[in-house]
Amino acid sequence: MQMRLSQVLTFCSICVALLLGSLLPASAIPVFARKYGFNCTMCHSNFPRLNDFGQRYRQNGYQLPGRENEEKTILETGAPVAARINGGFDYDRFENTSGEENIRQFRITSFDVLSGGLLGKSIGYLVVYPPKIEGSSGIAAQPGTVEMANVIFSRLVEGRGSVRAGRFEPAYDAFSVKRRLSFAPYEIYDFTFPGGIAFSDTVDGIELADRGKGAMSYAAGLINGSSSDRLDDSPQDFYLRAAKVFGPGEGQTAGQRLGVVGYFGKARPMLGDGSRQGFDRIGVDGSVNFDHWNVAIQLLRGNDDGALWGTASDVDFSGGFVEASYLPATKLVGFGRYDWVSTPDEINQDIRRWVLGGRYYFADNLAFHCEYSHRRQDNASEAGDATEKFYFGGLDFAF
Amino acid sequence: MRRVLWILLGVILLAAVLCLPQLDAQQFLANGLLGPVPVPADNPQTDQRIRLGQQLYFDTRLSADNTVSCATCHKPDAAWANHNSTDTGIKGQVGGRNSGTILNAAYMRYQFWDGRAGSLEEQALGPIANPIEMGETLENVVLKLNAIPGYRRQFQRVFGTDVTTEGIAKAIAAFERTVTSGPSPYDRYLMGDKKAMSPAAVRGMDLFNGKAHCTACHSGPMFSDQSFHNIGVGMDKPNPDVGRFKITNDPADWGRFKTPTLRDISLTYPYLHDGSEKTLADVVAFYDKGGIPNRNLDPLMLPLNLTRPEKADLVAFMEALTGTMPDIPAPELPE
Chain A
963 MQMRLSQVLT FCSICVALLL GSLLPASAIP VFARKYGFNC TMCHSNFPRL NDFGQRYRQN
1023 GYQLPGRENE EKTILETGAP VAARINGGFD YDRFENTSGE ENIRQFRITS FDVLSGGLLG
1083 KSIGYLVVYP PKIEGSSGIA AQPGTVEMAN VIFSRLVEGR GSVRAGRFEP AYDAFSVKRR
1143 LSFAPYEIYD FTFPGGIAFS DTVDGIELAD RGKGAMSYAA GLINGSSSDR LDDSPQDFYL
1203 RAAKVFGPGE GQTAGQRLGV VGYFGKARPM LGDGSRQGFD RIGVDGSVNF DHWNVAIQLL
1263 RGNDDGALWG TASDVDFSGG FVEASYLPAT KLVGFGRYDW VSTPDEINQD IRRWVLGGRY
1323 YFADNLAFHC EYSHRRQDNA SEAGDATEKF YFGGLDFAF
Chain B
211 MRRVLWILLG VILLAAVLCL PQLDAQQFLA NGLLGPVPVP ADNPQTDQRI RLGQQLYFDT
271 RLSADNTVSC ATCHKPDAAW ANHNSTDTGI KGQVGGRNSG TILNAAYMRY QFWDGRAGSL
331 EEQALGPIAN PIEMGETLEN VVLKLNAIPG YRRQFQRVFG TDVTTEGIAK AIAAFERTVT
391 SGPSPYDRYL MGDKKAMSPA AVRGMDLFNG KAHCTACHSG PMFSDQSFHN IGVGMDKPNP
451 DVGRFKITND PADWGRFKTP TLRDISLTYP YLHDGSEKTL ADVVAFYDKG GIPNRNLDPL
511 MLPLNLTRPE KADLVAFMEA LTGTMPDIPA PELPE
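From first to last, the protein sequence lines stand for chains A and B.
Position in the first sequence counted from 1, then plus 962, gives you our numbering.
Position in the second sequence counted from 1, then plus 210, gives you our numbering.
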C-alpha cells in the first residue's frame, strides 16, 4: 500500500511541477535569470548546459560582462533562492553472471536547492544543496551534503582574473558534470582508485582563473583531494588547466575549444595505513561547434601508484567520451555519447557505455527528458562482468 | 517516506506562490511599458512653447543656405527618421551616420549615436552648428530669427526675451517631447491583450529575452540600456568610426555607440549607426554571427546559433514594437 501511495505522490508532484511550469511565465526561473528578468535560454542552450553567454557570465563571477557597474547585489534584488527537481519513470536492468535484476519505478531522482548572486561588487557566491533524503521506493536517496558553496572574487587585476574558494566544480572538468545533458555519468570522470577523488566530484579548495589575450583561459587550483586522506593531511592536490577558443564564442555553442588539463595528487590507500602515494591525470579535450551541432571530446589518462589499487605495479588507465548534441530549435535537443575506460590487466575493469537521449522544453525551465543508456563493465564485482540498461522518461524542472 | 514527499510538494507550491508576486519586481533589465515623458523642471511643456518648437523644427531657415531643417533628416513620414543610410546636409554634403528617429527620444538619457548630448535641449542645437548638416552659426541663426517678427513675438511671449540660442533649444526640445509613439502590440500584450501579438512575435519575445541575448543591452521600457557598446559595425573598414571614444577619449569607449531604442524599429530602416543593414532580418543575421570582431568588441557579442524560424520570430517580435505614429503636420511658419 505504502509503495503504491508513494508512487502516486511522486506522479502527483511531477504533475504539479508540470502544471506550475506551464502556468508560470518564462521569467519565473532560477536565481540569475529572475534577477535580470531574462529567460533561461539567455545562459543555457539548452538548460542545464551553459551556452557561451552563460559561460562568460559564470567566468565573470555571476556578473554580466561589461556591465559590472550596473549590477545589483542580493540585497537589492529578489530572493536568490531556486530549486531544481527531476523525476519520472526509470527502468534499470542489471545483469551479471549470477543473474539479473530489474527495477521499474516512478521516482524523484534528485532535488537541489540553489542560491547564488552577488554579495558585493565583483564578489559572487553560489550554493547548491541537495537536502538529505532517505531513499525508498519513489524517491532516490540524497546524503544531504553541500554540493557547492563557494565565493568568487572576480576582476582582480585590471578587470581580469578571479579566485574561487570553498566547494566548487573545478576547472579541470572541461565538461560540467552538474550541467551535462544526460543523467548517465561521464565514466572517465567517475573512474578512480578506491577512496580516490573522482573528476565528477565537487572539490574543497581554492582556484585561480584568468582569461588572457587570444581567447586563452587558464586555471590553477589547490584542493583537499581524496577522501582516503587523513584529516590532518595538508592539501597537496593541485591542477592546471589551459584552453583556447578559436573563433568567436567560448566553445559551448560557438567557437572551437581545445583544452589540456593536468591533475597531480596524493592519496592514502584504503587498505592498511600506508603513506600517501602519488597519482596523476593528464587530459585533452575539445569542443567543436558547427551549425547547430556540438561535438565534445574528452581524453584522459591516469597514472596511479599501485598501492592505491593494491597492485604490485603502477596502474595506467585511459578513457574518455565523445558526445554529439544537436539543437535544431530552442525547445529541443538530442544527444548521443560513447564513454570508455580501458584498464590494465591487474585491474581489468574496462567500461563501455553509450547513451542516447533527448530533451523537449515545455518552458524554458521545464523539460521532458528521455534517455537510454547501455553500460558494460568488466569484473564490476565478485559476480563478474556486469551490464546495465537504463531507461528514463521524466521531467526536469527548475524554479 | 510520505512525509518527505509531502514536504517536497509543499516546497514546490510554496516557492511558486512566493515567486508569483515577485516576478515583475526588481528585474532590473526587464523590458516593459513606458511611463510619462520626463520633463526637466527648467523647461516645462506649454502649448505655446511646443508650437514654437514645432515651427523651428520644420523651418529650413535655421540652416546656412535655408535648405535644411530638422525635419529634412528626421521626417515625420519616415517615422521621424530617414530611410537613407546616411543623410545629406547643406551643399549636398553627406554625413557619416544614420539619422536616428526622434520618436520617444525624450526617454533617452543620451542623444546622438555617440551620446555627446545629455538632453534634448543640448541636442537641439548640435545639427544647426554642424558644418555638414545645417552649417549655420548659432549667432547667425539668432540674428535671422530675430529678423522674423513672427518668431520674435513668440519668443517674447514664451520666454520673455528676443530669440536666443537657449530659447531655440528649449522650444525644439519641448516639441520633440511630444513626438512619441502610441501603444504597440507589445504594449497591448503586456497590458493583458494576449491576442495583440502573433504567436510568432510571442516566440520572438522569448528569444529576444533569452537565446538571442537582445535584452542584455536592449533592456528596459525603451529597449535600450541607455549605454554604449561596440558591436563591431564598420570595424572591418580601414578607418572605422570610433564613436564614443571621440567624445570621452577613453580607450574603453573605442568603437562604442549608443544602444538605440527598438520601439518603432520596423519603420526606421536602415539600421545601425552607419545604416549598413537594410532590413531587420539583416540586423538579426549580423548579430547571429556575433558582430564583427575587433579589439574592443563587447563581451556580450557572441554568435547566437539561431535557426531560420527563430530569426523570423525575432523579426516578428521587433515588428510588434511598432506603435501608432503621432499625427503632427508641418506647421505654417512665421514671417
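Just so you know, the hints here were simulated from the structure itself, not pulled from any lab data.
Beta carbons: idealized from backbone N, C-alpha and C, even for Gly.
Just to be clear, a hint being listed does not mean it is correct.
[Unchecked claim] Quick list of simulated restraints, FRET-style, between CB atoms:
#1 A:Leu-1318 with B:His-293: 48 to 56 Å
#2 A:Tyr-1180 with B:Asn-340: 45 to 53 Å
#3 A:Leu-1037 with B:Ala-251: 27 to 35 Å
#4 A:Gly-1174 with B:Pro-461: 15 to 23 Å
[As the list claims (entries may be wrong)] Pulled a few chain B residues facing chain A out of the computed Cβ check, cut under 10 Å:
#5 Lys-285
#6 Leu-510
#7 Asn-515
Cross-check of the supplied hints:
For the pair Leu-1318 (chain A) and His-293 (chain B), the supplied restraint of 48 to 56 Å holds, since their beta-carbon distance comes to about 52 Å. Taking 45 to 53 Å as the suggested C-beta distance range, the pair Tyr-1180 (chain A) and Asn-340 (chain B) conforms, at roughly 48 Å. Range check, Leu-1037 (chain A) to Ala-251 (chain B): Cβ separation about 32 Å, and the 27 to 35 Å hint holds. For Gly-1174 (chain A) paired with Pro-461 (chain B), a C-beta distance near 18 Å keeps the hint of 15 to 23 Å intact.
Violation of the interface hint for Lys-285 (chain B) is found here, the shortest Cβ-Cβ separation to chain A being roughly 34 Å, above the 10 Å cut-off. Here the hint on Leu-510 (chain B) is kept, as its CB sits about 6 Å from the closest CB of chain A, short of 10 Å. Hint status for Asn-515 (chain B): holds, given a least beta-carbon distance of 5 Å to chain A, under 10 Å.
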